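Asks: Quick mapping for you: the protein sequence lines, in order, are chains A and B. Take the position in the first sequence, starting the count at 1, then add 13; the result is the number in the working numbering. Take the position in the second sequence, starting the count at 1, then add 13; the result is the number in the working numbering.
Derived from the structure by calculation, the hints contain no laboratory data. For clarity, every value in this text was computed on a predicted model and none was experimentally measured. Hints are supplied without guarantee of correctness; some may be wrong.
[To be verified] Stretches of chain A that chain B covers, calculated by requiring three or more beta carbons in the stretch to come under 8 Å of a beta carbon on chain B:
{"hint": "1", "stretch": "46-55"}
{"hint": "2", "stretch": "289-303"}
[Said to hold, decoys possible] With a Cα cut of at most 30 Å, we get these calculated DSS-like pairs of lysine-lysine:
{"hint": "3", "chain 1": "A", "residue 1": "Lys100", "chain 2": "B", "residue 2": "Lys68"}
{"hint": "4", "chain 1": "A", "residue 1": "Lys21", "chain 2": "A", "residue 2": "Lys237"}
{"hint": "5", "chain 1": "A", "residue 1": "Lys101", "chain 2": "B", "residue 2": "Lys101"}
{"hint": "6", "chain 1": "A", "residue 1": "Lys100", "chain 2": "B", "residue 2": "Lys101"}
{"hint": "7", "chain 1": "B", "residue 1": "Lys100", "chain 2": "A", "residue 2": "Lys107"}
{"hint": "8", "chain 1": "A", "residue 1": "Lys17", "chain 2": "A", "residue 2": "Lys245"}
{"hint": "9", "chain 1": "B", "residue 1": "Lys100", "chain 2": "A", "residue 2": "Lys46"}
{"hint": "10", "chain 1": "B", "residue 1": "Lys164", "chain 2": "A", "residue 2": "Lys100"}
{"hint": "11", "chain 1": "B", "residue 1": "Lys21", "chain 2": "B", "residue 2": "Lys245"}
{"hint": "12", "chain 1": "B", "residue 1": "Lys245", "chain 2": "B", "residue 2": "Lys46"}
{"hint": "13", "chain 1": "A", "residue 1": "Lys287", "chain 2": "B", "residue 2": "Lys142"}
{"hint": "14", "chain 1": "A", "residue 1": "Lys142", "chain 2": "A", "residue 2": "Lys109"}
{"hint": "15", "chain 1": "A", "residue 1": "Lys142", "chain 2": "B", "residue 2": "Lys100"}
{"hint": "16", "chain 1": "A", "residue 1": "Lys164", "chain 2": "B", "residue 2": "Lys259"}
{"hint": "17", "chain 1": "A", "residue 1": "Lys46", "chain 2": "B", "residue 2": "Lys142"}
No residue lacks a Cβ here, since even glycine has one placed at the ideal position from N, Cα and C.
2 protein chains.
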Amino acid sequence: MINKLVEKIKKTNAPIVVGLDPMLNYIPEHIQKAAFAEYGETLEGAAEAIWQYNKGIVDATYDLIPAVKPQIAMYEQFGIEGLKAFKKTVDYCKSKDLVVIGDVKRGDIGSTSAAYAVGHLGSVQVGSKSYVPFDEDFATVNPYFGSDGVKPFMEVCKEHKKGLFILVKTSNPSSGEFQDQLVDGRPLYELVGEKVAQWGEELMGDDYSYIGAVVGATYPEMGKVLRKVMPKSFILVPGYGAQGGKGADLVHFFNEDGLGAIVNSSRGIIAAYKQEKYASFGAENYADASRQAVLDMIADIDGALKNR
Amino acid sequence: MINKLVEKIKKTNAPIVVGLDPMLNYIPEHIQKAAFAEYGETLEGAAEAIWQYNKGIVDATYDLIPAVKPQIAMYEQFGIEGLKAFKKTVDYCKSKDLVVIGDVKRGDIGSTSAAYAVGHLGSVQVGSKSYVPFDEDFATVNPYFGSDGVKPFMEVCKEHKKGLFILVKTSNPSSGEFQDQLVDGRPLYELVGEKVAQWGEELMGDDYSYIGAVVGATYPEMGKVLRKVMPKSFILVPGYGAQGGKGADLVHFFNEDGLGAIVNSSRGIIAAYKQEKYASFGAENYADASRQAVLDMIADIDGALKNR
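Go ahead and model the full structure; you've got the sequences and the hints to work with.
Replies: Dropping the structure here:
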């Protein structure tokens, strides 16, 4: 799957991923109204609104981008109905040949970690039959448990050619509370990065590993160091746009080959029509605003990479 | 909710929680057969088997115990159908007046963390209506993000009188890879424990805080230190039984008042009929075996607390 991601990035010249993190207040009124007219103001109605909203964005952008990253929390908050919309979104994106990064940030140990891995990346056995429950291509994983938490995911990745992005240095302001603490003079996130590199060696694709890392755009200097610590790991970079990261901050996350990083934007793309810059599209044409925001983001990053 | 947990522990004299972590291979054949006869060897069939298995265990033990801890991964691995069985289990346990600890180990930042909190502990707004999606009483949370990850959960806990157990020192062999790293001469888990104590001060119940911690039974010496670091936090202790922890290892997790800890056993209770000790019950009477295992666990811990 990492090979497919690399190939699609080269083809689109767009090392970006669109974060499908739908909040109800992002969703244009006409979509909410139609969904509520059909299902009422119910969890089912909310799920239908999310799904129609996502579909519009995917239809308007899939030819420009290699990947999407649905954030499962935004679906899980609507319970079972929300999770059905998550599944529908994953399936639809895959039908458009997009790489799907399930932003699930799961993490546990042993058989429990294996259960998450099977549910999101693998297949589960029921008697003599086998099923693929959520079937994302990559999943994000929390490293706090150490190797016991990650290895069961790796087993499933090996079997199903799926990949992981392990949280290393997250984009939020308080990420330093634990992640930056010095261990023998070096921050904890570097230790986690070293482990990612080690785990990654066990699961290599052609040029990059199936095991990537999450490093926030908001910490470009740390990204520079971590790029060297994990040379064969793709870095998934959240925090572009809404969280304050800019194209110029991102160059250090990339290798000399122009690869090695994929930058996420969620709100900045999916709710672009709410920004002054794209307001002229209007809420009815929210998906066209998203398309323009994708084009602008590609140009911003491409420009930054050319000027480095 | 922490007050209710304390009250129920006092009433049952059982500082224990039954982990409802159903694996298909734990489930007696007669239950699997009946479920597959009705729904086929499908995800729905697996979910039905899980639900019937859980119901049997809850019916046989609810009068002895204060709380249950369903591990969502074991349901999530069966996709939407599995998550319906999770929801059904949570609802049923609440109808039996059990405190439900959702072992979800979620964690993210800002609005994403808030979405998980709303989904599992709070209520979500859809237009003019409000819904409670999963409605557990407590949730387990991963602290890797720092305060940004925990605070949104705390907001929801304040509003809905729900609680958290934050991962501090996990029970698995490799938990030391990151959690034991020394920061200024002290292990990281102590720093996390200190944060738990601080967060806990903001959300106090009568005697204990709504913010508890997870510390593995397999690390009793660390439990001793952490007990002092977080005097007002309940400690949820996994790793009893199957993972190797014994009653005598557990006394340090408790305060002098005999409270402050709640010990989880999953496999040891729910698959008791598979142990030699309880084999005479037979698979048909698996729930009676679970009841006996609960009684034995209560006696083991009670004995250890009396002998300290």
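Asks: Output the indices of the hints that this structure fails to meet, ascending.
Replies: Of the numbered hints given earlier, those the structure breaks are 2, 12, listed in rising order.
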